[in-house]
Amino acid sequence: MNFFGTIFSYIRETYVDRLSYFPSNIKISLMIILFCAIAIVELYIYIIFRRVIKANQNKQTKYWKERIGNMLASVVVYDESENTAEIAVHFYDKLKKLPLKNSTVNQILTSEIITYHKNFTGKIPEVLALLYAKLKLDKRSKKKIDSKHWETKIEGIREANEMGISEMAEEIIKYTDDENGLLRMEAQAAYLKLSNKDPFHFLDRAQERILDWHQLVLFEIITKNKKLTIPSFSKWLRSPNDTVVMFCLKLIDHFMQFDAAEEVQRLLKHHNTRIVKKSIEIIGKLELEELEKHMFEIYFDHTDEIKLEILNSLGKISSGKYADFLSSRIHSNDSKIKRAALYAIKRDADHGEARLLEIYHHTSPENQALITHVLDNRIKQ
Amino acid sequence: MSKILIAEDEVLMLKALEFKLKKDGYQVDVAADGRQAMEKVKNETYDLILTDIMMPFVGGMEILSYVKNDPIKKHTPVLLISAVGLENIVLEGFSLGADDFIYKPFNLNELSVRIKRYVKQNAF
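From first to last, the protein sequence lines are chains A and B. Numbering-wise (numbering that gives the first Met the number 0), the first sequence opens with residue 0 and increments by one. Numbering-wise (numbering that gives the first Met the number 0), the second sequence opens with residue 0 and increments by one.
Hints may be right or wrong, so weigh each one.
As the list claims (entries may be wrong) - List time: in silico BS3-like cross-link candidates among lysine-lysine, alpha-carbon distance up to 27 Å:
| id | chain 1 | residue 1 | chain 2 | residue 2 |
| --- | --- | --- | --- | --- |
| 1 | B | Lys67 | A | Lys64 |
| 2 | A | Lys93 | B | Lys115 |
| 3 | A | Lys95 | B | Lys115 |
| 4 | A | Lys345 | B | Lys115 |
| 5 | A | Lys117 | B | Lys115 |
| 6 | A | Lys61 | A | Lys133 |
| 7 | A | Lys64 | B | Lys19 |
| 8 | A | Lys133 | B | Lys115 |
Just so you know, the hints here were simulated from the structure itself, not pulled from any lab data.
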């Protein structure tokens, strides 16, 4: 009898002939061993089965990637002198023969179209957008947007955004205030690009924070997209969401929206010091002389950080109305305040330097050294 | 027939460029990463090298630097492809001797015309 035969007959003997004679603890142990052995065998079968399926899927994916890649490369290098619609029709007939109901094929085709759409300019993206619509791949993107999983939603939003499917803007708006930050950001960025009616509508409904890094992304989209009609951002300065106010202030600053002066003035009394500081900065940058007195009114109620910003802005406006106030700052105990005030005086091109020299003759040696420093044109503020 | 090397790690882009340049009548050699590209550059002679800047193992800048420091290959035009147009990268590329910079997204026909010009110049 061979080795395996001996083992098998021993197991059979143990479990069939002798089992009933064993004490109950041995019986239980033998049953547990039997259960584990069966479980291990099943597990192995399952693993092998999964691996076969996976290998088959990989083979399929590789095949379709190669085939679809070649087809799309032919679209990309097709004679550009032809009409866009004609090229799309020509390739549509070939691409529609693909088994698009197969999710792998559909996904490969979508992602490859998007890759080419992203990397090329000229007629290629137009042809690809037409093919994307004709092959109804947008339906799948829409399905993804409606998915339960946030990462799938993001995928769908990205696809719609890249392919410029403006009909999906109304689907996407509901995620622009989602509690998931990543989904919210993708949705806001996509909505800005896709909405033809009111691309900034998401600001009206934003209750969740627009994070700083997210503001940078949106800022870049808004400032670089030449097709966007820029609204007056002052209408969102009353938003209860501080991050919306801050974001709009940055945009007002960038687009130099003078019509926002009245609303910016109101923000000088805002509870959020970052907003107050940004408002002061804008007043200085836009040289809103009529708001000088409002900055002066709040000067003594704030921290040094805000005071420095006010001095800086007063310097930028240089109306001369607050020259005495600025001169009196030389008596401050804080050297940063003194320095900021002296630079603000210097900014007055007509009388600044003369005023500094006048202060110089009536102040302490320490302050004189500071004035000499400020008057030295080689040193930048 | 002019021989061109395309080094690009994005398979789809590599395929499109290969299709286009073959269609334009060039003999095309491809490399899917920087290491492969460097090996090919060392062992073969090309009339033009089109390389992506960001690639695994060896970057486009290193390939450019190798070509431009080789006494025999230094006249080979090298065109860099980049998705980012950062000033310092562009300056570094040109200071190493890059002949041109192509930013993604780009027009394939425009690229084709540029390549034609460089290959022609190099032939004389």
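Q.
Holds or violated: Lys67/B and Lys64/A, Cα atoms, limit 27 Å.
A. 36 Å, violated
Q) Are Lys64/A and Lys19/B close enough, with their CA atoms no more than 27 Å apart? A) 19 Å, holds
Q: Given the hint that Lys95/A pairs with Lys115/B, test it: the Cα-Cα distance must not exceed 27 Å.
A: Roughly 35 Å separates the two Cα atoms, so the pair is violated.
Q) CA of Lys345/A to CA of Lys115/B, is that 27 Å or under? A) Measuring from Cα to Cα gives roughly 59 Å; hence the hint is violated.
Q) Given the hinted pair Lys117/A and Lys115/B, is their alpha-carbon gap at most 27 Å? A) 24 Å, holds
Q) Regarding the pair Lys93/A and Lys115/B, is the alpha-carbon distance no greater than 27 Å? A) 31 Å, violated
Q.
Check the hint pairing Lys61/A with Lys133/A against an upper bound of 27 Å on the C-alpha distance.
A. 25 Å, holds
Q) Does Lys133/A pair with Lys115/B here, judged by a C-alpha cut-off of 27 Å? A) Roughly 35 Å separates the two Cα atoms, so the pair is violated.
Of the numbered hints given earlier, the model fails hints 1, 2, 3, 4, 8; all others are met.
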